[in-house]
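**Student:** What follows is the residue order along each chain.
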Amino acid sequence: MSTSTITISPVTRIEGHAKITIQVDEKGAVTDARFHVNEFRGFEKFCEGRVLWEMGGITSRICGICPTSHLVTSAKAGDAILAVTIPPTAEKLRRLITLAQWLQSHALSFFHLSSPDFLLGFDADPAKRNIFGLIAHDKEFAKRGIRLRKFGQEIIEVLGSRKIHTPWAVAGGVREPFDAVKRDYLLNWIPEVRATALMALETMKHIHVTFAKDIPNYGNFRSLWVGLVADDGALEYYGGTLRVMDGAGNIIADKIDPTHYAEYFGEATEEWSYLKFPYYKPLGYQKGMYRVGPLARMNICDYIDTPLAEAERKLFRAIAGEADTVNNSFYYHYARLIEILFSVEKIEMLLHDPELLGTNIRAKAMINNTHGIGASEAPRGTLFHEYWVNEDALIQKVNLVIATAQNNLAMNRTVRQLAMQYLDGTKVTEGILNRIEAGIRCFDPCLSCSTHAIGAMPMHVQVVDAEHRLLCDVRR
Amino acid sequence: MKKALLIGVGNTVRGDDGAGIHAAEKARARFPHLDVLAVHGLSPELAETVSGYDLVIIVDASLVTDTLRASEIVPSTAERIQSHEMSPAGILGLAATLYNHRPSRAVLLEIPAVSCAFTEELSALTAGQVEACLEVVAGYLVPFQPDL
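Here the protein sequences line up with chains A and B, keeping their order.
Every letter in the first sequence is one number past the one before it in my numbering, and letter 170, counting from 1, is 170.
Every letter in the second sequence is one number past the one before it in my numbering, and letter 124, counting from 1, is 124.
If you are wondering where the hints come from, they were derived from the structure by calculation, not from laboratory data.
Treat the hints with caution; some may be incorrect.
Think about it this way: if two alpha-carbon atoms lie no more than 30 angstroms apart in a straight line, the pair counts; the simulated DSS-like pairs of lysine-lysine are [unchecked claim]:
#, chain 1, residue 1, chain 2, residue 2
1, B, Lys2, A, Lys139
2, B, Lys26, A, Lys182
3, A, Lys314, A, Lys364
4, A, Lys182, B, Lys3
5, B, Lys2, A, Lys182
6, B, Lys3, A, Lys139
So here's chain A without its partners, still in its complex pose:
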């Protein structure tokens, strides 16, 4: 049987480099689709031989969009190696910067990467389906999105003296205390960013109506959900324990100490992708497919401890009905916006907490353990840093389990579902390709933005047959 392969490479408006191949038979029916990640990461090897104290600064360079998540998670692994409980003020400051990271990352994902599709349409002129098209459509919307992201960046800069790659969080706590002048400056932003978050949620509800026919095809399947929840089941982002829920809403594992993650989650590899394929061990590879990130967090938590976000969560839950979770990946966008609102509310609560201004911000100790694990909820999902050190604090081995990898199986499933729905093998329109890319963007994957030298990101689409003969080559 003759088959063809359609390649979308690289996928645009996601963080990093990837391509999608879609295999079709002679009738144009999709037989398979794969999401390939081409970027090879060498960070784990690069870290070996470095001293523990450098790890925050090094690992935050993994990513230009969520460096703070790596920084905080690295610091938590360092806490475990020092065997210290950090001062309450330090934990609250770390929580504040983690929320700022969520906010700026989610704002970029929604307002600038995905909104052009939603507000201009998947079939809009590609030359206009970008931020400038968005500005032409609604200048105030685009401007407010930039301001919202800027607020997150401002918090990171105020706390860490830099917008990116701040070495502010360290093993044992944080380097610099907070003060009332900075607090008041950030509090002045709250009314504006709260209004923006609420506006975005209203926009999303219109999007749900506009794309009602498309939505059912965007990664709509049952999978496991994994993430951190607080001790009382509340939405969590910094501490807590791991919860595993199935697609019917049943909690199948709970109160898992994140430091035991390797007992529950394995990492498979495939020869066609550099990105690993994590899975839930008790169910095995493939069946153990799970999703992490905003949609997972929204599904697994019992409630949100801020009023406006909790009210939205209840609306979100109504999508699923009583006996299910919200299984459609399109709703990652909705969940992301609820988390933006939550972040704004929680940031305001933290800024009003007098303990945030405390000066006891760092517990100091020598190396007390030669092994430590840190975990937190990065914007895209649960992030683990595991370090082995020697008595001189030199890193012997590193294992990083990034959020995007944990969604790898689900992203592949999503691509396959979209390809089967929209592609007939003969009409490869820009709108179809963009829908498939948009399916990936639901997950807001962050593959590698660690190098940006000019000339490193070509864009082309290839169609090849079963013998890999090039049938079509399109650059855009």
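Knowing the structure of chain A, use the given hints to seat chain B on it.
**Tutor:** Using the frame of chain A, we list chain B on its own:
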């Protein structure tokens, strides 16, 4: 008062990709009245920042040039967003479109990159071009000296 801004772009643990950051740090020390930013990539909120300057110099590593290359940045409103970052032309276009102001002059300095492997060291070629870049920056700043 006329204002000048230099933005260095890159990642210092990816070898020559960090050239823009190295150039920014050196420029910060050498030109005390020049405003300097060091960033991982050009993100949309930078548009508001650059809209407040008369001269903007963006310094980045480049895999497509063998020599230090300087070019005027022509604002663009046609680009696609590739991941979270924008092109220099896109940032200038965004400044003009959203904030109704863009610098009277904007320049991209591309420093040739040899390798973006995992190292904090620059290659000899790129390190030399970082120094050369600073001389070019000094030239651009001459008209701004009375105000700097």
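**Student:** If a hint holds in the structure, say so; if it does not, say that too.
**Tutor:** Hints, verified against the model:
1. B:Lys2 to A:Lys139: OK: Lys2 of chain B and Lys139 of chain A at ~28 angstroms, within 30 angstroms.
2. B:Lys26 to A:Lys182: holds, 29 angstroms
3. A:Lys314 to A:Lys364: violated, 43 angstroms
4. A:Lys182 to B:Lys3: holds, 26 angstroms
5. B:Lys2 to A:Lys182: At roughly 29 angstroms apart (the allowed maximum being 30 angstroms), Lys182 of chain A and Lys2 of chain B satisfy the hint.
6. B:Lys3 to A:Lys139: holds, 27 angstroms
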